[in-house]
Every structure is written in structure tokens, then in C-alpha cells.
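Those sequence lines, one after another, are chains A and B. Going by this note's numbering, the first sequence opens with residue 2, and the numbers climb by one from there. Going by this note's numbering, the second sequence opens with residue 217, and the numbers climb by one from there.
Hints listed in this document are in silico derivations from the structure and should not be mistaken for laboratory results. Glycine included, every Cβ here is placed at the ideal spot set by N, Cα and C. Some clues are possibly wrong.
Computed beta-carbon distance windows for the label pairs [as the list claims (entries may be wrong)]:
#1 A:R417 - B:L512: 47 to 55 Å
#2 A:H192 - B:V294: 51 to 59 Å
#3 B:G339 - A:E423: 40 to 48 Å
#4 B:R542 - A:R211: 33 to 41 Å
#5 B:I277 - A:E423: 54 to 62 Å
#6 A:R383 - B:I277: 29 to 37 Å
#7 A:A441 - B:I529: 56 to 64 Å
#8 A:H436 - B:H343: 49 to 57 Å
#9 A:A375 - B:G457: 51 to 59 Å
Covered stretches of chain B, as calculated for chain A (at least 3 residues, CB under 8 Å) [as the list claims (entries may be wrong)]:
#10 333–345
#11 479–492
#12 533–546
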Amino acid sequence: METLPRISGGMDLPRFKPGVQHPPVTIALPATLVFPLIGHQGRALQACVVAGEHVHAGQLLAPGMAASAKGVVRAIEDHATAHPSGMTAPSVILDVDHTRESAVDASSATLDLAGIVGHGGAGFSLSRKLSTVADRCRCLIINAAECEPGIACDESLLCHDAGAVLEGIKALITYLQPEQCVLAIESDKTHAITSFEDALKEGKATGEIRVLALHPTYPSGAERLLVNQVLKWQGLERLPSHQRPGDRGIACINVATAHAVAQILNTGAATQRLVTVNAHEACTARVTLGTPVQHVLDVLGALPVGAQRVRVGGPLSGFELADLAAPVLTTCNALTVATPVPEEPVLPCIRCGDCVPVCPMGLYPQQLFALAQAQDSKGLQRKGIDRCITCGCCDIACPSFINLTTHFRSAQSRLREHAETERAATHAEALHERHRERVARDEQRTIPGTEAPTRTAVSSALSRARARRKRSG
Amino acid sequence: MSEQHTRRAVDIGLLRQSTGATWRATPVIMRQVILALLPGIVLYAYLIDARVLLGLTIAVIAALLFEAMVMWLRKRPVTSRLGDGSAAVTGVLLALSVPPGLPAWQLIIGCGVAILLAKHVFGGLGHNPFNPAMVAFAVLIVSFPVTMTDWPMTADPVARVALGDPAGTWDAMTSQTPLDRYRAHARITTGDTVFTLSSPGTAWVVIALAWLGGGLWLLWMRVITWHAPVALLVSLGTCHGLATLISPTAMPIGIALLGGATLFGAFFIVTDPVSGAATPRGRLLFGAGVGVLTFLIRQFGSWPEGFAFAVLIMNAAVPLIDRLDRPRVR
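Using the sequences and the hints, build the whole thing.
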């Protein structure tokens, strides 16, 4: 095992990993599962099933969205989603068929990745990620870094199911044929590291997969930072800002996604994920995707009482859940049931610059904040707003308790929306331009004798018509 | 597991505490700045003039009253803003920048200028483009040039020798900042004269070292960063060093750095976050600019001490520095 140096920027947060010591608790299937038709970055998906249709586990409900259990589609209707805004979205509601699933012939199962959505933060489609590096994969990075306090599902996965993870990684190696494969994990997760290394020994893959230990700094597990760390370790140049990891033949895949690949190999469908549940008793829950949060907490006896609220994700990346009917999906890594703490009143920004050294991306959050308040889109872009990974380090560092990341998130979505309309407008303009050209060309091509009627011809025709009407009337 | 324990997973406030951000909130920082000034203030009162204490009291009360008044006029919460201590720090910095014998009404006008004209006209805390204390200083020195240059030095043997009154027959002498003595008269070789603690010439140096000590403490407490002070001292020292190479009668580096407002300004004025640059590179540029301008005004300008004007000019350049300093995105 080799140790990588600390990232520049970021924060050394206290280690708080609830529920890793006990094996995961499997949550029984609920009566209904919910699959919101939303893809990566909020893109709407088109359902490819209809109400009343029987589906089996692993069947695609929409491109990039697979059913996680056998059942009947009850309806496609608006349903609460686990989204910071508390919005509802058209969702496939599935009545679960609790009769025993016919055994899947694991040997015939092919690696069908269409339905796997990355289990990391962004929920990017796995098949699309793999297609960017297909045939030229130089390095496969398995991301087991999980540096935010309060989230421990990946650590728990490695501690208690390292064998399946290894199986998934091996399948990915067979598929991608990378020159090198590394598993990156924070150095303070000693149990997980030992457990994975034992699995490596058992699976005789010690030479195949190298374990890289990261300094436990938040957010060293962010894709871009991790890729740059690994590139530096390999003695290569880091990614320039316009390049994506795929452009350099690097695939960075979350450890839980690798586990999902193993699930497909064994059962034909990736149906479950681990979720850290912080309640009066912390545990890791094995939840079928699409299970309403309500059901998970009910089974664990952890439904919120009184002033308690449910938070999805950690203290930095997470948000308060508006409706408990929202389903657990691939990106949901932790649920916390607690009484929210009133936040300190926000003070004016005094430009102290404390946010600058902690930004892992090397941005100037203070300036971005001022530009976001002034709604200066050009300035924001000049100062690299699109590079912000909204990790929340500046929020913690800010002595005036300003929630900078909230401003950046909305600025980013506003800019994205703006770019979208701009693109649509340019497209419409191009269409119009082409139409005008075509009309002009047609006019030039007009054969003599069939010219468009002149003004006098039109008026004389009108007067003839009027005279005719007068005669008949 | 207790609710207290679960809270760790949701409470950003706890993370702020664990990383020390709550120790850097504006009110805490302001209290630390005043604390860092205390040794210098005590030495000032003891060695130079005890009237500085009266001046400090008047300035702080006036600044707080102006702040309260303007917050009330702007229909903003009065008590919370007074509690952040920024107005008090402005009052303290202004009182320490003016001669201790400045008439109270002039000092109060200065506070009014600092709080109303320099700060709240632009939107209050966090929005003032110019350092309020320096704006007030500039307004005062232009409006009341006589009282603003009335520095106590009656007990200073060095000055007496320099001014031609070694016997001490004059009742009082007025001059501009102690630094001015070195400007106006021949160089005083420190080897010939024995400095004692009671003589203001050395007293000013002792106080300057007290400012330095307070500043280093602020650095250690991470209230300020090293960039602006170091850039200022290096650029000012370099300029004076080059000047001594060219002309032997120029002000020696030691006096340039220890005399006048240099150390006080380096740790308590150019480190003002609001009116200064906010990024490491910007702060280097800002401090260096103040250093060069201070030297130019001292050497070629008609003012004895160019520090306040140098700071104001560089304050005006901060938006430009902010704009030019592009982040090196990782």
C-alpha cells in the first residue's frame, strides 16, 4: 500500500463514521417502489413501460433506470423525490410482486450495464462513463474515498462485503482491460483496507489491483481531485481544466458502483445499495433502490419524532428531506434523523479571505460570492464558477457563517439554464437563416411567366372578385 | 446513541467549531485586534503621552454612537452590529493614528467621517472600499493641519539637538511625526547619542516594536495573514535601501521601518480585510503597492508621512487587483 500526499486545500474534518462496526441490516421489500424519471443533472427521462405492465428486476423502466424488483407498474405519476428543492417529478410507481423470484442463471448473465447509475455523488450513467474510455483505458480508479463525516456506507461495504466488490472490480477490469487498476481509500480506514487486502489475497489479485492510501482530507474523494492525485503519483501531468478524466483514458468508478456490477453478475440486476442510517442507533442498511425513505426508517424504528427531521447525505453535501415518501436511489448514501440545529445568523462578508486557502479547486469563493450576488455571469465564468464542486469547505471556513455553496449551486444552475436557452436561440436563429436563404433561392429560381403576382395584378383580381360578388348579390 | 451524537452528522456548526471557524467570527477577530493593540497602547500612554487613553475613550464612544445612530437611521438591528466591534476598532485605530493632544471635537469629527462617510455611505460593514480610519486621518490632516501635526517630543534630547535647542530652554516643540525629524534635519547618528527609554525617539521605536509584537500575535492567531505586512515591509525596505545607495543622505532603512506609521500600519492597517485585497497574491500586490507609494510620498511628496494616502490609493486599486487576479484552478 502506498500513501499519497495531502491535497492542497480542503479540510481535515473529524472522523465520524457511524455504523461501520456492525454488518449491514437488510431492509425488507416495501409494498411499492418509486422510480423518479430524472437522470443525471436533472434531465427528464422518457418512460419505456406503461401502467399495468409486468416488469422483472433489472428491466429498464426508462433509459438508464432499471427496476429493482419484480412487479406491476401501477401508474406513472408525480411523486415526491429526494431533491434539495423538495420537488415532485413524474415517477414510475411499481407494485412489488412478493412471490419468489425465479432463480437467475448467473452463468448466462451478461454484463448489462445499461441500468447502472453511478453510486457516487453525481449519479452519472456507468455505461456512458465506460464508453468514454472503451478500448483505450489506461487506468481504472476505484474510488473508495468517502471523506465527509456522517457517511460510512462505502466503508461498511468494504468492511463487510469486500469479496463482492473485488468481483465487480475484476469484471470491470475484464471489460475495460486497463493498464493499471488502483483502489483509492483514506489511510484512516484501516479496517476497510485490511478487509479488502484480505479479499485480494483470497482472490489472488494482489498484483492486479493496487491500494492507494489517501490523506483523510475532505474532499479528497472528489473525482477530479482524486484523478489528479493518481496522475501525480504516476508521475504524469494533471488534468487541464478543459479535459475530462475519460480524455486521458482514466475511468474513476465508485466502489459501490463496482459492487453493483457484482450484483448484476450474480443476480442479473443491481437492485440494492448500502445506506448509512444515523438515528438513535446508527447502522448501515441494505436498501432496495426505489424504497421510500419512510419505509426504511419505519423498519429500523427510526421515524422522526417531534422536531426531528430527516437529512439525506452528510452535513456538507446533504439536504433536509421535505417528504419522507421520496425514494432511496443510487446517490442516497446516508439518512440522518436528528433535530436540526439552528444556524448562526449570517454576518456580512468582510473579505477576510479564509475561504481561499481551503478551496480544493483553487478558486476564490469570496469573489465568486460577490459576483453571484451581483449576478455577473461573465465575471462568474471568468473566475471559474463551473469548476466549483460545491464541496462546502468554504461554508465551514467562513467566519461570517455565509452558506457560500448554496449561492454557487444556484449560480451554476442559473448559468446552465442560461446556456441552454442561448443554445436553443442560436439553433432557432440558424433554422430561420436557412429558411430565409431557401426562400431567396426559390425566388431567384422562378421561371419567367410564373412570377409572383404583382401588386396591380392582385388589386385587379380583388376588384374583379368584388364586382362578381356585387353581381351575384 | 444519543441525539447529541447523531447531531454530528447534520450540524455544520459543529464542523465549524472543530475547524476553528467560529473562533474567527467578526466579533472575535475585532476583540483580538484590540487585544493585540493593548501592549502598544500601554507603552504609548506610559512613554509618550497619557492623553492617548482619553483620546481612545472619546474615539471609541464616538464611533459606537455614530454606528448606533446610522444603524437606527438605516432601520437595521443596532445592538448586533455594535457587538461586532468593527466600529470600536475603527475608533481605536483612528485615535492611535492622530496626535494624542488632538482636540476632542476634531477627533469626534474624525470618527463621524470614518463611520458615516467612509463606511455607511457605501453600505456598512464589509462594503467600504476605503479604510475608514485612514479616510478620517486624511480628512483631519487636510482640515486641521496644525493640531494634526502637533506631536509631543519635548523630552526628546535627539530632537532638541537636531533642532538646535540642546539646553531645553523651549517650552514646547511641535513637529510632524517623529519620522519628520529625520526628514527635516540632518541625519542623526545613533552612535553619538545615548538613547534612553524616557526619550521619545527611542520610545517610538519601543512602541513600534510593541505593534510588531501584537501583529505577530495576530499572525499566530491566524487573524491576519503574512502576505500584506511582509510585502509592505519588503517593498518599503527595498525602496529605502536603494535610496540610501543612491543618496547617502536618504533616510536609513532602520528608521524607515521602525519610525513613523510603518509597523503600526503593516499589521493593523493594510491587514484590514474589507478594504484590502482578499486573495494571497492580491494581498502581496496590495502591500507592495502601499510600500512603494509610502516611500514615494515620504521622499518626494510634501507630506511627512505618506502612509495614509498610500493606503487610500491602493484601496482604490483593490477592485482592479481583484479582477486581475485569476484563480489558478486545480
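Where does the structure disagree with the numbered hints, that is, which hint numbers, in rising order?
Of the numbered hints given earlier, those the structure breaks are 3, 6, 9, listed in rising order.
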